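In our numbering, the protein residues as written are 1 to 263.
The hints are simulated quantities; they were obtained by calculation from the structure and are not laboratory data.
All values reported here derive from a predicted model rather than from experimental measurement.
No residue lacks a Cβ here, since even glycine has one placed at the ideal position from N, Cα and C.
Hints may be right or wrong, so weigh each one.
Cβ pair distances, simulated, as ranges [unchecked claim]:
1. 192 to 12: 17 to 23 Å
2. 254 to 33: 16 to 22 Å
3. 118 to 153: 35 to 41 Å
Restricting the straight-line Cα-Cα distance to at most 30 Å, the calculated cross-link-like pairs of lysine-lysine (DSS-like) are [what the hints assert, rightly or not]:
4. 3 to 33
5. 54 to 166
6. 201 to 110
7. 160 to 110
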Amino acid sequence: MGKTIAIANQKGGVGKTTSAINLAASFAVLEYKTLIIDADPQANATSGLGYDPKEIENSIYECIIDNVDPAEVIVETTTPHLHLLPAHIDLVGAEIEMINLPERERMMHKAIEKIKDNYDFIIIDCSPSLGLITVNALTAADSVIVPVQCEYFALEGLGKLLNTIKIVQSRLNPNLDIEGILLTMFDSRLRLSRQVVDEVKTHFQQIVFDTIINRNTRLSEAPSFGETIIMHDATSTGAINYLNLAREILQKNQLIQKQTGGN
């Protein structure tokens with residue numbers, strides 16, 4: 001049975017979708033069968049993997065609301081071993097439709113259970129909110145990665161997210177772990193970036209990943225080509241960063257890498 005990791009932060013612009021896409025792609029390149037679930041109505045992970053959300057007929061919405069089997073909705077990507085459960089703008093209305101349903105917080109969990117055995121890793125790209133869809137993702141996940149950008153107000157709202165995680169742990173998913181806090185958009189030329197790294201590591205200590213994601217032009221432009229950073233430029237700093245993150249998670253989970261890749 002695969003491990004499900006949610007990538008969540010209710011604050012936008014922290015590198016959440018970029019991290020979801022490229023961590024998933026890194027696991028896939030290391031030959032782990034990986035599924036990325038786009039649980040954000042903006043559908044940026046869907047478009048970032050080369051699909052037009054407007055042309056998607058079935059999505060995670062149908063799996064949650066209409067009980068469609070995810071196996072019928074999952075699509076392949078240009079990266080071997082990487083599949084996508086896409087999103088559509090209809091997901092915006094899902095929270096309203098779910099509000100009066102029984103077990104409303106567990107609907108995504110029920111959908112994922114149907115296909116979990118087919119994958120080594122399932123990565124959920126959460127929406128930038130703490131609404132019912134995000135709570136569903138946290139309830140379905142084994143662990144959560146929290147991306148934090150190395151910029152001013154980096155820790156703003158982080159306490160609220162961590163409190164939500166605690167509530168989910170106490171009421172819905174006692175086995176939910178914090179996989180780690182991921183520092184993103186790091187620029188070594190900026191003193192502020194270095195200060196944020198120091199502050200986050202001082203405050204959160206061992207739950208902060210050693211791997212830091214650098215600000216990188218190639219990383220920023222890859223989604224506009226509908227590509228992961230590894231497909232777009234495998235030699236870029238961004239590609240190396242996310243491969244290192246994948247290896248760090250594998251090591252933390254004491255999983256043997258099937259392929260070591262580069263240096």
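Going down the list of hints, with the structure as the test:
no.	hint	result
1	192 to 12: 17 to 23 Å	holds, 19 Å
2	254 to 33: 16 to 22 Å	holds, 19 Å
3	118 to 153: 35 to 41 Å	holds, 40 Å
4	3 to 33	holds, 11 Å
5	54 to 166	violated, 36 Å
6	201 to 110	violated, 36 Å
7	160 to 110	holds, 26 Å
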